[in-house]
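Peer 1: Residues per chain, in single letters:
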Amino acid sequence: MNNLASYNWLKEYCKTDLSTADFARELSLRSMSVEKIDIVAARFDKIVVGLVNEVRPHPNADKLRLVTTNIGAETVEIVCGGVNVVPGMKVCVAMPGSRVRWHGEGDYITLGESEIRGVKSIGMICGAGEVGFPDLEKGEKEIWDLSFIKAPAGTNLAVALELEDTVFDIEVTTNRPDVMGIVGLAREAAVAVGGEFLHKQPAAIVPGTSIPFTVKIEDTVRCARQMAVVIDDVTVAESPWWLQKRLLLAGVRPINNIVDVTNYVLLEYAQPLHAFDYKKIEGSEIIVRAAKPGEKITALNSKEYALDGHMVLADAVKPLDIAGIMGGNETGTTVATKTIVLSASTFDGTVIRRTARALNLQSDAQLLFEKGLSTEALPGALARAVELILQTAGGTVASVVCDTRVKEYEALVFPFRPAMARQRIGVEITDERMEQILHELGFGVDKSAEVWQVTVPFWRDHDIEAEVDLGEEIARMYGYHLMIGVLPAGSPPTTQEPVAITWERFTKKLLAGAGYDEFFSYSFTNAEDIAKYGDDATTAYAILNPLVSEQSHLRVSLMPGILRAIEGNQGHTRAAKFFELSRLYLPRTNDLPEEATHLVFGEYGYANAEEVFRKLRGTLEMLTGKTGLEMKLSRDGISEKWHATRSANIVINDKIVGTIGEVAEKIQQSFGVDLRVFVVTLEFERLFDAMKLTHRYAPSSEFPAITRDLSVVVAERVEFVALTNELKNDLLTLIALADVYRGKGVEAGQKSLTLSLTLQAADKTLTAEEANEVVEQISEVLKTKFGGTMRS
Amino acid sequence: MENELRQLLAEAQGKLLLVKTLADLEVERIEVLGRKGKLAELLKGLAALSIEEKKTVGMAANEVKMGIEKAFAEAESRLSVAAASAKNESEWLDVTLPGIAPEVGHAHLTTQAIEDITNIFAHLGFVRSRHPEVDWDYYAFEAMNMPSDHPARDDWETFFVKGESGEVKTGAKGKMLLTPHTSNGQVREMEKGVFPIRMISIGKCFRRQADVRHLPMFYQFEGLVIDKKASVTELKGVCDYFAKHYFGPDRVTRLRPYHFRFTEPSFELDISCSVCGGSGLVDGVKCKLCKEGWLELGGAGMVHPNVIKAGGLDPDEYSGFAFGWGVERTMMMRAGLNIDDIRILYKNDLRFIRQF
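Taken in sequence, the protein lines are chains A and B.
No gaps in the numbering here: position 572 of the first sequence is 572 in this note's numbering, and each next residue is one more.
No gaps in the numbering here: position 26 of the second sequence is 26 in this note's numbering, and each next residue is one more.
Treat the hints as calculated values from the structure; they're not laboratory data.
Hints are not guaranteed to be accurate.
[Stated by the list, open to error] Chain B stretches covered by chain A per the calculated footprint, using a threshold of three residues with CB under 8 Å from any CB of chain A:
id, region
1, 80-94
2, 238-251
3, 336-348
[To be verified] Chain A is nowhere near these chain B residues, computed Cβ spacing over 10 Å in every case:
id, residue
4, Gln7
5, Asp24
6, Ile30
7, Lys44
8, Ala47
9, Met59
10, Ala61
11, Arg198
12, Val212
13, Val232
14, Phe267
15, Ser272
16, Val285
17, Lys288
All C-beta atoms, glycine included, are put in the ideal place defined by N, C-alpha and C.
Work out the full structure: start from the sequences and follow the hints.
Peer 2: Next up, the structure:
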């Protein structure tokens with residue numbers, strides 16, 4: 001929550017000579033952060049008070065007038081469309097070079113000299129909205145009547161309206177509603193910047209006797225205290241400018257002097273108040289109770305709310321106010337109001353928060369109430385409001401000060417160990433400095449024993465919950481920026497990082513190094529995508545409150561995200577190698593989901609499936625090889641997610657842990673992918689137990705190897721492994737596949753394999769004759785067992 | 001004979017100047033210096049001379065031989081240079097041809113940031129840890145000093161898992177949710193019972209928000225130190241160390257008081273803005289990126305005694321500090337990255353992925 005705080009107002013309660021920048025910095029470092037510094041007068045550069053001398057019709061436009069205006073040193077003629085401009089009126093004149101908002105809307109623009117319908121116009125007579133006060137607009141075509149100000153024509157507007165002020169936009173943390181008030185902020189500031197806190201409690205209300213009034217709390221669980229006082233003979237009118245100005249700078253719209261005072265006190269004391277029209281209250285009593293079944297109320301925003309047990313302030317017959325949130329329309333103050341009831345309450349913050357959510361109704365008062373306010377804030381705020389109402393609206397206090405509470409107040413007291421605080425902070429702050437800080441913030445300190453007893457002031461009775469909170473008060477006011485950072489002492493930790501992280505890092509590096517680009521998809525998916533990929537959406541967790549419908553479930557496969565990614569890329573990147581290594585969320589009974597890390601890598605947009613298969617297999621073998629895994633492929637049990645004859649399951653330690661294959665065309669197409677996709681999927685996490693980084697040296701043979709290439713034509717469906725398994729010879733150390741050829745010279749249904757044979761003996765250098773003998777023998781096997789024809 | 005020798009030298013010198021190739025030179029060498037070459041032929045006559053004559057003619061013959069060899073060496077050197085030059089000319093290469101990039105893949109920008117962050121903290125003895133992304137309410141909130149119905153829970157905009165009944169799914173430790181912060185790992189790490197703790201846990205978090213600055217899924221890195229005398233000044237030292245190493249030594253940090261339920265005291269760590277250099281002004285106009293010269297890096301604080309209790313420890317004996325910052329946000333605050341809409345990160349656009 002943010003507090004728009006006027007520096008001039010703050011300085012009424014905190015004596016300081018700091019520049020705005022210094023003040024903002026010191027406050028940010030020790031208390032609340034100043035997010036923006038708005039120098040108000042800067043908005044009114046080249047905007048002056050004008051005095052209207054003469055108003056004449058515009059020669060070329062019915063709705064425009066020519067206004068001769070005295071702007072101090074000179075008199076200028078200004079074209080003006082304002083309907084209320086009359087001679088003798090003081091107006092606001094924006095001169096060329098000033099910044100205004102047309103009709104109070106949009107961005108500020110810099111005014112130039114202009115010609116309107118053929119008549120030259122120097123400057124512009126402005127409506128309130130055009131110079132930044134849309135809340136003061138009375139009518140669409142009305143210019144701002146400044147006749148109430150004393151300053152002569154030509155005076156700069158900021159001077160004339162006493163707007164030489166700075167507004168700090170301060171982010172107040174939610175635990176400190178007290179700092180939402182100028183007084184609370186001044187108290188913080190005084191300690192933070194080293195100023196003097198000047199605030200004095202307002203004088204107690206002098207009670208009257210002419211009007212009897214009472215308050216009663218029936219809902220003692222949700223309301224802790226209720227006060228009220230009646231003021232008679234008030235004159236409801238526009239507030240004086242000094243009061244309106246303060247509200248405007250804080251972003252609050254002035255309404256009338258009664259409402260404005262309650263808002264002023266809200267801004268000053270951070271305690272909401274409400275003023276009722278006494279005549280509209282039946283039975284001279286305010287009762288805090290639960291709404292009765294079927295009760296309704298039309299709030300100040302003119303909307304009707306059906307109440308269902310919500311807490312209300314009521315009179316003898318009807319609800320007057322949705323407690324803590326908004327008053328009723330019917331019982332508010334109007335120009336006809338002569339007698340008001342000022343009401344102040346303390347409610348349970350959680351209740352107010354829930355009610356506001358339930359009714360979808362927010363207000364400045366509610367935002368404060370829901371943070372939790374003190375019962376002890378009421379008398380001061382009420383007294384300040386009475387003081388200001390008597391000053392601005394006249395009248396007299398006509399009733400006793402009604403006050404009822406659920407239980408007596410007992411200030412919180414916490415033990416405090418200065419030595420412990422010093423250790424936790426890490427800085428040698430003296431006992432005296434600690435006591436001083438606590439004292440200046442309003443805490444009572446009893447240091448007669450080693451463990452101090454610290455009494456919490458009422459305005460902190462919600463946020464101070466333990467000893468450690470007192471330590472924070474001391475540390476922040478001492479100043480974190482003055483502390484010297486050190487590296488942690490203490491013994492080194494002995495834990496190791498989880499293997500999952502080690503293997504993820506290893507695999508990502510390996511795949512990126514092998515030319516694969518990493519996808520990073522959302523963990524979300526949706527029922528449609530799950531079904532499109534051929535899984536059962538009811539086996540995935542649904543999200544109760546998804547942000548968008550495409551992100552309604554937690555994924556149970558990486559593949560839908562990957563296919564979506566390919567669909568998104570295929571328009572500009574027609575082929576690519578990709579991978580993703582991330583967690584799935586597989587439901588389990590009576591437990592959190594299994595967060596299983598899966599790996600997918602693959603390629604799309606290739607021309608040659610065989611080549612891509614071999615590349616992917618090669619990458620897979622590099623991964624398994626480097627991590628000590630023994631892998632086999634099996635065509636058994638391939639699901640319909642895969643191309644029936646271009647896929648195989650990956651078997652490690654007799655368990656199927658993944659698939660290498662081309663994505664079934666119908667799945668690929670259902671995701672809108674118009675290119676074929678070949679991938680390896682691995683249940684990565686299931687491999688960790690068997691994975692190890694093997695670094696073991698195997699000595700190389702001292703004798704040279706001989707390489708011989710051999711081309712053989714065999715039937716298309718003769719599998720490489722079936723073939724090579726038959727080629728056994730002690731001297732044959734490696735059979736590599738150098739080439740696969742189909743085409744001219746090879747019949748259809750046949751393929752030519754070029755095998756690259758490595759021959760080597762462990763104990764001698766092979767002769768050419770010995771090598772030829774092995775090749776001969778292998779050729780023979782190829783011919784007899786596989787019907788192969790040798791090619792040369 | 002001496003004259004003939006000198007004539008042979010002059011002849012050879014003259015001829016060698018005209019030889020065009022190394023092959024011709026070789027032919028010439030055999031003709032002049034070979035076993036049956038001209039020099040050898042001439043020297044055969046030496047046998048017939050007197051001892052005195054042999055002496056003078058022999059000396060002359062040596063001189064001539066050296067002279068001829070020198071001439072050959074010079075010719076060879078000249079012809080080799082010419083030959084090499086001719087070969088080079090015939091092997092001319094267009095050096096303006098475009099490069100062929102090696103086939104390298106790209107780890108995602110976020111993966112790279114996670115590695116960078118891990119490495120910096122590793123220097124301080126922090127060890128990576130791993131915790132659930134879908135967790136119980138207890139670990140995300142309750143144990144973090146946010147009892148049920150605490151308004152602070154609203155700040156997290158949490159996603160919940162739907163149960164069979166259509167209401168929120170519940171289990172052993174409350175509601176099942178997508179963790180909105182990595183702080184759910186704090187009590188989980190303490191429950192392991194191994195102390196001291198210097199944890200860096202980097203994981204996915206989820207919040208109901210999506211705009212140019214927010215993603216519904218993002219990464220946080222959670223640092224947690226639990227030890228017997230952990231202090232604010234240590235927290236400050238660790239934050240400074242990270243900031244200086246990740247962002248560069250010219251960036252300045254500050255701790256600013258803040259409020260979180262699970263730390264006390266709580267701070268936000270700010271880092272000086274890279275655009276305006278911390279002045280808050282660019283060419284006299286307010287910097288659009290930062291607030292008065294500072295950027296918020298994220299929250300930090302001393303672990304609340306109630307959280308330490310929830311982790312099974314005595315807060316009078318143990319203390320700790322923790323910080324939890326967004327990986328993407330931190331990464332984007334590095335100078336010069338120039339990403340104006342954070343949502344590009346997880347769109348899986350290869351044109352984006354391949355830039356890093």
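Peer 1: All the hints need checking, so say for each whether the structure fits it.
Peer 2: Evaluated hints:
Interface restraint, the region 80-94 of chain B with chain A: violated (0 residues with C-beta to C-beta distance below 8 Å; minimum three). Counting residues of the region 238-251 of chain B whose beta carbon lies closer than 8 Å to any beta carbon of chain A gives 4, which meets the minimum of three for the stated coverage. Look at the region 336-348 of chain B against chain A: 4 of its residues bring a Cβ nearer than 8 Å to a Cβ of that chain, three or more, so the hint holds. Consistency note on Gln7/B: stated as away from chain A, and its beta-carbon is indeed over 10 Å from all of that chain's, at 57 Å minimum.
Listed as outside the interface, Asp24/B is consistent with that label: its C-beta sits roughly 40 Å from the nearest C-beta of chain A, beyond the 10 Å cut-off. Residue-level check passed: Ile30/B sits 38 Å from the nearest beta carbon of chain A, beyond 10 Å. Against the 10 Å criterion, Lys44/B stays outside the reach of chain A, whose nearest CB is about 50 Å from its own CB. Listed as outside the interface, Ala47/B is consistent with that label: its C-beta sits roughly 54 Å from the nearest C-beta of chain A, beyond the 10 Å cut-off.
Met59/B, annotated as away from the interface, keeps every beta carbon of chain A farther than 10 Å; the closest lies near 55 Å. Non-interface call for Ala61/B relative to chain A: holds, since the shortest CB-CB distance, roughly 52 Å, exceeds 10 Å. Look at Arg198/B: its CB is around 5 Å from the nearest CB on chain A, not clear of 10 Å, so calling it non-interface is violated. No beta-carbon of chain A comes within 10 Å of the beta-carbon of Val212/B; the shortest separation is about 15 Å.
With a closest Cβ-Cβ approach of about 5 Å to chain A, Val232/B is found to fall inside the 10 Å limit, against its non-interface label. A Cβ of chain A approaches the Cβ of Phe267/B within 10 Å, the least distance being about 7 Å, so the stated non-interface status is violated. Every beta carbon of chain A lies more than 10 Å from that of Ser272/B, the smallest distance being close to 13 Å; the non-interface claim holds. For Val285/B, the non-interface assignment is confirmed: its Cβ lies about 13 Å from the closest Cβ of chain A, beyond the 10 Å cut-off.
The Cβ of Lys288/B sits about 13 Å from the closest Cβ of chain A, beyond the 10 Å cut-off, so the non-interface label holds.
Violated hints, in rising order: 1, 11, 13 and 14; the structure is consistent with all others.
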